[in-house]
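My numbering applies: residue 1 is where the sequence shown begins, and numbers increase by one.
Since the hints were made in silico from the structure, they are not lab data. On a predicted model such as this, the values are computed, not experimentally measured, just so you know. Hints are not guaranteed to be accurate.
Stated by the list, open to error - Pairwise CB distance ranges (calculated):
no.	residue 1	residue 2	range
1	ASN292	GLU156	20 to 28 Å
2	SER17	ASN292	39 to 47 Å
3	ASP302	LYS351	42 to 50 Å
4	LEU201	THR101	24 to 32 Å
5	SER378	ARG200	42 to 50 Å
6	ASP193	SER337	43 to 51 Å
7	MET168	SER71	49 to 57 Å
8	SER22	LEU201	40 to 48 Å
9	ASP262	SER17	46 to 54 Å
10	SER274	GLU66	43 to 51 Å
11	ASP302	ALA261	33 to 41 Å
12	GLU298	ASP98	40 to 48 Å
Where a beta carbon is used, it is the ideal one built from N, C-alpha and C, also for glycine.
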Amino acid sequence: MTMVESDSKYRREGRVSEIVASLPKSGIRDFFELVNAMDDVVSLGIGEPDFATPWRIRDAAIRSLERGRTSYTSNLGMLELRRRVVEYVERNFGVSYDPATECIITVGVSEALDLALRAMLNSGDEVVYHEPCYVSYSPCVRLAQGSPVVVPTFAENGFSLAPGDLRMALTPRTKALMLNFPCNPTGASMDSDALSAIARLSIERDLLVITDEIYSELTYEGEHVTIASLPGMRDRTLLLHGFSKAYAMTGFRIGFACGPADLIDAMMKVHQYSMLCAPTIAQEAAVEALDNAWSDMEEMRDEYHLRRNMIVRRLNAMGLTCVSPKGAFYVFPSVGSTGLSSSEFATRLLKERNVAVVPGTAFGHCGEGFVRCSYAASLDSLNTAMDRMEAFLESLGE
């Protein structure tokens, strides 16, 4: 080894943070490297609305540009938008917040989650969350120097979080609980009795709660209830929400958090040294969404509802047991009857029938035996995918 080579190796050792180096890459993104190399694929993979952002929202963004509204806003976000947000939250979630001190506008819910964890965690603090879950939860906890603790959920009870299972996961080091209902990837929700039991447990054990409610408007059965609205929970809960899913505004990257003033102020400190503020144009568009796009959202929700009913019926008819999700736009059918692992099923379905679904293990170890299918696709595309999947299952028995 030459001196130059030795010096280069020495300088490169330790260049990457140990935490970052230990993180796995997203199982969803890895799988879709295969998809991108193929033609004629029907994709039920990416969790993104297939609708264009409603015109009135896009027009508001255009008008913002035309008026030259391109400067920074307050670190907390436009006060006009924060006022609309807290009005919306009070009207639809039954919780009141002060727009001046208890609300922050973020670059999507992903940033809100990162800010919340970095604002509240000390090294080694445990954060409990349920799996299968969104791929970012465990990495975000680790990046904030916390310790992620998993509570498995099961198809037999609709992938809801059982209060007894949660209690068993708590230790003296547990500082926070993360919830996501309706859930990505299962579409699961929580009934009021179980949610109330979790609220009482959170108070008993003095837990902070982060609740990711990005799919709350896309609820098809029952009433969506946020844990922040339950007795004793407002002042220990950060309610995270945004515009990506219900209003088909994924590319606008606009979200928000509401919660106690001390936690919002701590989140703002991190936000002001990193993002500064969410994009002004996106904030203007979000005001329009809250003011005038409820009917557009309802039309999209009704279409998702129709698609959900169809895809659940088709999957169960072909022998892939599928719990009917109560919200979001995903189904999580079992592939256990095929004898294939989640990864084997998804890979062979893609290569043999050109249909892309996501292996359940992308959402945690307890996702093994399942795959996630997004029904944020047209009915024609969904029917084509179901026909191809049925043919694939038939070929397995030959």
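Going through the hints against the structure:
{"no.": "1", "hint": "ASN292 to GLU156: 20 to 28 Å", "result": "violated (43 Å)"}
{"no.": "2", "hint": "SER17 to ASN292: 39 to 47 Å", "result": "holds (44 Å)"}
{"no.": "3", "hint": "ASP302 to LYS351: 42 to 50 Å", "result": "violated (35 Å)"}
{"no.": "4", "hint": "LEU201 to THR101: 24 to 32 Å", "result": "holds (28 Å)"}
{"no.": "5", "hint": "SER378 to ARG200: 42 to 50 Å", "result": "holds (44 Å)"}
{"no.": "6", "hint": "ASP193 to SER337: 43 to 51 Å", "result": "violated (32 Å)"}
{"no.": "7", "hint": "MET168 to SER71: 49 to 57 Å", "result": "holds (51 Å)"}
{"no.": "8", "hint": "SER22 to LEU201: 40 to 48 Å", "result": "violated (31 Å)"}
{"no.": "9", "hint": "ASP262 to SER17: 46 to 54 Å", "result": "violated (28 Å)"}
{"no.": "10", "hint": "SER274 to GLU66: 43 to 51 Å", "result": "violated (29 Å)"}
{"no.": "11", "hint": "ASP302 to ALA261: 33 to 41 Å", "result": "holds (38 Å)"}
{"no.": "12", "hint": "GLU298 to ASP98: 40 to 48 Å", "result": "violated (29 Å)"}
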